[in-house]
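Start from chain A and add chain B according to the hints.
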Amino acid sequence: MTDFAIDTIPVAQRPPRRDIGIKKRYAAEARFKAYGIAAIVFGLVFLAIMLVSIATKGYTAFWQTNITMPVTFDAAVLDPQNKRDSDPSVLIKANYDKLAQAALATKLGISPDDKPSMTKLKGILSDSARIQLRDALTANPALMGQTVEVAMLASANIDSAFKGQVDLTVPEARRKVKDQQITWMNQLAQDGTLAEKFNTGLFTYGASSRPETSGIGVAIVGSLMMMAIVLVLALLIGVAASIYLEEFAAKNRITDLIEVNINNLAAVPSIVFGLLGLSVFINFLGMPRSAALVGGITLSLMTLPTIIIATRAAIAAVPPSIRQAALGLGASKMQMVFHHVLPLAMPGILTGTIIGLARALGETAPLLLIGMVAFVANYPSTPLDPSTALPVQIYMWANEAERAFVERMSGAIIILLVFLMAMNITAIILRRKFERRW
Amino acid sequence: MSGFLTFLLLLAIGIAAFIIGRMRALATNTGQGKAHSRPNYHGAWAMLCALLPALLLFAVYEIGATAYINRDIASQVAQLGAGQGNANPEVTTSLIKSLASGLSKLDPAQATNPPQTMAELIPVLAAKGVTLATDTKDFMIPIAVNANATFSRIAWIGGILSLVLAAAGAVFGLSQIALRSRARNKVERVMLGALFTASTLAIVTTIGIVLSMLFQTITFFGDISPLNFFFGTVWDPRFAAAGSGGSEGQFGLIPLLAGTLYIAFIALLVAVPVGLMAAVYMSEYASKAVRSVVKPALELLAGIPTIVYGIFALVTLGPWLRDLSAILYGGQPFIQAQSIFTAGLVMGVMLIPVVSSLSDDIITAVPQAMRDGSLGLGATRSETIKRVILPAALPGIVGAILLTASRAIGETMIVVLAAGVAANLTANPFEAMTTITVKIVNQLTGDLEFNSPQTLVAFALGLTLFFVTLLMNIAALTIVRKYREQYE
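Residue numbers (the working numbering), protein chains in the order written: chain A, 1 to 438; chain B, 1001 to 1488.
Hints were generated in silico from the structure; no laboratory data involved.
A portion of the hints provided could be inaccurate.
As the list claims (entries may be wrong) - In silico DSS-like pairs for lysine-lysine, Cα to Cα no more than 30 Å straight-line: (1) B:Lys1288 - A:Lys23; (2) A:Lys251 - B:Lys1482; (3) A:Lys24 - B:Lys1288; (4) B:Lys1288 - A:Lys433; (5) B:Lys1186 - A:Lys333; (6) A:Lys33 - B:Lys1288; (7) B:Lys1128 - A:Lys83; (8) A:Lys33 - B:Lys1295; (9) A:Lys178 - A:Lys120; (10) A:Lys93 - B:Lys1128; (11) A:Lys24 - B:Lys1386; (12) A:Lys433 - B:Lys1295.
Said to hold, decoys possible - Simulated restraints, written as ranges between beta carbons of each label pair: (13) A:Ser321 - B:Asn1029: 27 to 37 Å; (14) A:Gly21 - B:Ala1297: 32 to 42 Å; (15) A:Ala151 - B:Val1421: 36 to 46 Å.
Glycine included, each C-beta is placed from N, C-alpha and C at the ideal position.
Looking at chain A on its own, in the form it has when it is part of the complex (with noise of 0.2 Å):
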């Protein structure tokens, strides 16, 4: 047989593989791939950061430290020379003080006569406790002289050390809140005198210089009346323009000029809205100021070209055949728009208004220069009475210093974002219930 040796037969070698740096390259993309994932985290990382450090620092202010006991009207205390049938003005100016510090000082233990303690006592409930008291009276005349249990607001500092927010360790002299008064605030919370209740408060008082008795009351009215104006102005004037652009305009310069405006009118700094506010409403035509109107208008004009464009999208997207079908039928122009393209269009163009009212709620510096600043106590009876607005009313609380005002201005930003995000969903949840697929 054959007897070469197998071995040398040649065999084509495939060249060796060229080296095309494929391994950098792989690790060059999972590079990449992370850098991207590391933006997303970095991103979501810092909103949940930004949202716990707020809703930790804020869910306290919806439980309030209230001093329930027993309140004896002595009549020798309110009206010594009983003249209070004759003359009803004694029972407004009388020293409910002195009664709300009796009946503490009986709840202690502690004599009238001990004259610092009885100083000492004076910082445990709320100066408000003695408006509690005259309100508690006036309503009810016959309580002269009886003994009920009334439930009155602890003191802010009193309120910040029950719920551990003071630092104990500071020296007492530069402490607010003093050594004996916390044994005192302990001794009455053991047998549930001092107790803390759901804060109703905060949703309907107004502006005060007490925390304790500061609420976003008259800020959630006054940004309801704005909303209401805005909703009516910014829906009506936008929609009009809108249908207006989108069905009949003819293309020439004058649309051109509407249309650059309405996107250069999009881009504009809110605060150059508040700008015109302040000069054309309140100095030209004399409106006044720290109304809720003003505030309303304001914010339509800025909300404004956002609800354009959103309604513009939602009309263009109604499918061509719904028109021409219309107007095959004998429907003019104008009807052929009002009866049937306008109801289609309704679910994007109510999506874009919330969307829009969601924005107009959180503005705050367009406020801030039409004077809605201000030290607003009452609630407002019109849209002409001086109101504040709710992000405006955070912005005031954080100018303010004591710890209570902090803890209440993180519990209103936790209302306003409850009452956003609600918004918005509200707005995703009609999206895509209403939503069609031509």
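Quick look at chain B alone, frame taken from chain A:
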């Protein structure tokens, strides 16, 4: 006759015209021919004929009456001798006006013949719950009574005129009702006019913004020279309380402009890489599940009001960075609690969703064919993105960056709370600088006389800001339009 009553009567005439018009239109449709318009249109045409001219006249009349009364009072005040309040005619005029409105709340007999001295008048007004400024003097009472009388006379005349015009319009509209009269066309033409007017509001707003700030700025440049304003390097307004002499301050724009641009630069330094990479990852790599979670989360970031960001920076981030820098530096913090770095960082995070959503639109607009071609030639995905897609999308991305920069420049609440009010000029990002928007807020929230330079400078700053952002937006639009590739 009060204005409100006149308005209600006009509305009543309009509604009556509608109802009568509709009934007449129904009556004329006897079947002899085809009606051109439905009865509602006939009624609406009658109502429009009645209401539109009358309401226009009414509005013009009200504004004219107020202006006439103001001028009347001002001229009477000017005729007073010196020593009777002529020193400050504007204050005198406004005192007379508030006195007049207080008098109008009294009973008619008392209002036309009130006590002639303030001492007697004040308790009468207080009984009705009206309080007046203490500067109100006795000589103002007859002027106020006269003003009230003139106003009510003018109001009567104007009211009667408007009602007569409304009635005439209603009769005219009703007389035109016939079987073939083209009411629908006329009504629709009026509606078209209303739609057009609504859309011109955008132009009116822009003109209003520019004019309102322009007049105040021109007054400001009468006191302070424009060169000192635009090129001055010291910002020291030296507040003067209302009514006092008003000391000269220095109003230099440069420190504010430098602060604005520095903070915007740091914000973009944070927002652009993060936003761009997030957009690229979400459009190229992310699965549907990831995208459905991350996109709403980023929109949530966009929906948070800027004041929340500002408070977060003020209360949490600023002190934390200061303490961190103290630990790193061993004792002495080198990052101030309110610094450019803090404000820029927080603003950057606020702008991440803006950059991300704008870039996302642009990147998805690049056609799939280019991606497929690049991948087919053997490039990895990251190489495709870096060498094919991003260059193709570059004009759009540059436009997005410019739009984001204009938003950063116009941002107010974050810098008010996080950047401080010290008008420094420094290169150290860990110190505090202030911006144009902060100073606008500072100069306008305070007790300042309105025409003092300290207040008017806010309008000059606002006008500058408006034009800077306008230029950036126009630049963004032109770059996108000029360099965008058309891939069809």
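Quick rundown of the hints versus the structure:
no.: 1; hint: B:Lys1288 - A:Lys23; in the structure: holds (29 Å)
no.: 2; hint: A:Lys251 - B:Lys1482; in the structure: holds (21 Å)
no.: 3; hint: A:Lys24 - B:Lys1288; in the structure: holds (29 Å)
no.: 4; hint: B:Lys1288 - A:Lys433; in the structure: holds (21 Å)
no.: 5; hint: B:Lys1186 - A:Lys333; in the structure: holds (13 Å)
no.: 6; hint: A:Lys33 - B:Lys1288; in the structure: holds (16 Å)
no.: 7; hint: B:Lys1128 - A:Lys83; in the structure: holds (28 Å)
no.: 8; hint: A:Lys33 - B:Lys1295; in the structure: holds (17 Å)
no.: 9; hint: A:Lys178 - A:Lys120; in the structure: holds (8 Å)
no.: 10; hint: A:Lys93 - B:Lys1128; in the structure: holds (24 Å)
no.: 11; hint: A:Lys24 - B:Lys1386; in the structure: holds (15 Å)
no.: 12; hint: A:Lys433 - B:Lys1295; in the structure: holds (19 Å)
no.: 13; hint: A:Ser321 - B:Asn1029: 27 to 37 Å; in the structure: holds (33 Å)
no.: 14; hint: A:Gly21 - B:Ala1297: 32 to 42 Å; in the structure: holds (37 Å)
no.: 15; hint: A:Ala151 - B:Val1421: 36 to 46 Å; in the structure: holds (43 Å)
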